[in-house]
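Visitor: Each chain, written out:
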Amino acid sequence: GENVEQHPSTLSVQEGDSAVIKCTYSDSASNYFPWYKQELGKGPQLIIDIRSNVGEKKDQRIAVTLNKTAKHFSLHITETQPEDSAVYFCAASREGGATNKLIFGTGTLLAVQP
Amino acid sequence: EAGVAQSPRYKIIEKRQSVAFWCNPISGHATLYWYQQILGQGPKLLIQFQNNGVVDDSQLPKDRFSAERLKGVDSTLKIQPAKLEDSAVYLCASSLDGGRIGGEAFFGQGTRLTVV
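Protein chains in written order, with this note's numbering: chain D, 26 to 139; chain V, 7 to 122.
Keep in mind that the hints were calculated from the coordinates and are not lab data. Check each hint, because a few of them may be wrong.
Okay, derived cross-link-like pairs now, DSSO-like style, lysine-lysine, Cα gap no bigger than 30 Å in a straight line [said to hold, decoys possible]: (1) V/21 - D/93; (2) D/67 - D/82; (3) D/93 - D/62; (4) V/68 - D/67.
Since this is a predicted model, take the numbers as computed values, not measurements.
Okay, chain V solo, but in the shape it has when bound (with noise of 0.2 Å):
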């Protein structure tokens, strides 16, 4: 079985640039999630979708983040303007249904963000 698929590895932008990241999760997963990871911390949960619409979405900075999940199945996550603060790893996951028993979540490897 395919794991969760993120895209890019890593990407370095200039502050005030904008950025996207892409994350196609586990096939018939209907739960998707965006975390961000700062360096030294525990991941951060940003949003969560439940097939194309939003569960929770309390810890977004909604001034300059967004996110949607195209059909209930790929997702991309947009930060415009980037700020300094933005540099962490930003961690897709999935899970079967995740608002039942049994839904562990599944992790891809991760796109690293550089803001300088």
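So that you can see chain D by itself, here it is in the shape it has in the complex (with noise of 0.2 Å):
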């Protein structure tokens, strides 16, 4: 069945360095790549998404890139600060199908040290 596969499962970075977090996706029929920002007690936040038509996309510090061929894609968020501390998710769907649903990957905790 679907299956996204996410790394690592935790990252602690300084303040101020990048954070990089990977995921791959299993359904090549995909073309939906949203990534979720989850605070303790919250429910998911939608940060960014992609679309299979574009390779990357960015806002502000935050960016994803999406490679179609090798089925991964990436967030990428520059000069951390200790308020991007959080679980982040990525997932994958098919935009315009009979079902959208999300498939999420297991979440990645994000330590973003002062």
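Mind docking these for me? Both chains are given alone in their own frames, and the hints should help you get the complex.
Guide: Printed below as a string of structure tokens:
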């Protein structure tokens, strides 16, 4: 069945450094790849997404890249700040299909040390 | 714009009891999802509604879980009887129209269920 693998499971960086989280998906029909940030006791919050017709998207300190051939996509956070500390989830889905359910990765706990 | 509302925030029940969760999606959103998030894992889809019709319930344990979406707006998810392994956070999400391009999903804060 569909599967999304996410690495690393935990990531600790110093404030100001960059953080990279990588995901691999199995369903070649997936065409929508969102990233969610989940803080303790809260629901996941969409922070950035990318569709299969582009290879890269950037929003201030956050960027996402997509390699459709390899079925890889990655989240890049530059100039990390303590408030970036949270669990980050990648996901994949088929937009425009009969069901566009999100298949989530297992999450990455990012800790930004001041 | 108000977000996805869920209640209750927390619930503790004994195994074999029943429990119900409520969700009010963002106004105008046609698609509503219920996800189950077990501690340390990513959310897993239980059921997806398009208006008041079920689109996908393939992962819903239908012997104990049921869900409905009244008049295509609010939704309730019920578990009867609960098992210990049902302990999780139940997340409701909605999107403008999940079947077309641009259907980003927005999540509520979730209901944390503990079965003892």
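Visitor: Determine for every hint whether it applies to the structure shown.
Guide: Hints, verified against the model:
A threshold of 30 Å between alpha carbons decides the hint, and for residue 21 of chain V with residue 93 of chain D the separation of about 45 Å lies outside it, so the pair is violated. With a CA separation close to 26 Å, the supplied pair residue 67 of chain D and residue 82 of chain D stays within the 30 Å bound. Distance restraint check for residue 93 of chain D and residue 62 of chain D: the Cα-Cα separation of roughly 23 Å lies within the 30 Å cut-off, and the hinted pair is therefore satisfied. Annotation: proposed proximity of residue 68 of chain V to residue 67 of chain D holds, straight-line Cα distance about 27 Å (limit 30 Å).
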